[in-house]
Amino acid sequence: MTQSVAIVTGAAGDIGAAIAARLADDHDIVLLADIDLEAAAAVAATLGAQSRFVAAGCDVTSETSVSDLARRCAELGQLRTLVNNAGAARAVSLHDTTPAIWRMDNALNLEAAFLCFRAVEDMLKASKGSVINIASVNGMNVFGHPAYSAAKAGLIHFTRLVAVEYGKFGIRSNAVAPGTVRTRAWEARAAANPNVFEEARRWYPLQRVVDPTDVANAVAFLAGPQAAAISGVCLPVDCGLTAGQAELARTFSQSDHY
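The numbers in my numbering rise by one with no breaks, and the one at position 99 of the sequence shown is 99.
Don't read these hints as lab results, they were simulated from the structure.
Quick caveat: nothing in here was measured; it's all calculated off a predicted structure.
Even for Gly, the Cβ is constructed at its ideal location relative to N, Cα and C.
Each hint should be verified, as a subset may be incorrect.
[Unchecked claim] Restraint ranges, calculated between C-beta atoms of paired labels, are given here:
no., residue 1, residue 2, range
1, H157, A228, 19 to 29 Å
2, K125, S93, 20 to 30 Å
3, Q207, T98, 34 to 44 Å
4, T46, T98, 14 to 24 Å
5, A126, D68, 37 to 47 Å
6, V92, K125, 33 to 43 Å
7, T98, K125, 15 to 25 Å
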């Protein structure tokens, strides 16, 4: 029997690793793709057997590198799920965003998802598979990092484009939009500022930030049979942030207004 495969890009990071671990519950093989092959291999080794967790070096902004990844996937089995997770943000403000930063952030956070999808679309047609793009609340509202945010907004629209155009082939396309996620990058900030999580969580109605497993569980749901009729959606995984900011609501309720 042909083995089912999931691809997770940016798999060496905390979110990618959590997604890879969760998708292994429903896939025979998870292909962990990352520009840092050594880091991806280290993550794969912690997750389980080498036969099930396969690391692959891939620059998702390179059409050639992405084509190599697609060929590697075809050798392993039948692709059922593509998770475009690779991403990064650079300049915080529009004033500090250079043309080079604008292009780099769009290449990694938007164009890469297009390249990866086009490289494997025939495999997804054959399996009637699923695409899940890891967007961000930054693509839904203005929270800084303008180039990253514009790219993530484009990624949400790209998600819908795939859902509409490729639905006739049985391909489902959805996005997950995390808020602040407790990753190693944020832990490093906490080392410099022990109050960083306390300062962040006050903006979230659930009074906490997102854990990588929260994102992974949302991805697994959208990739699985329980979401068989769901396509073209962007699911915020943000502890309620995009519903409204709790701190602002409290401030407004305590103010004098007529």
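Hint check results:
no. : hint                       : result
1   : H157 with A228: 19 to 29 Å : holds (23 Å)
2   : K125 with S93: 20 to 30 Å  : violated (42 Å)
3   : Q207 with T98: 34 to 44 Å  : holds (37 Å)
4   : T46 with T98: 14 to 24 Å   : violated (37 Å)
5   : A126 with D68: 37 to 47 Å  : violated (20 Å)
6   : V92 with K125: 33 to 43 Å  : holds (40 Å)
7   : T98 with K125: 15 to 25 Å  : violated (39 Å)
Violated hints, listed in ascending order, are 2, 4, 5, 7; each of the other numbered hints is respected by the structure.
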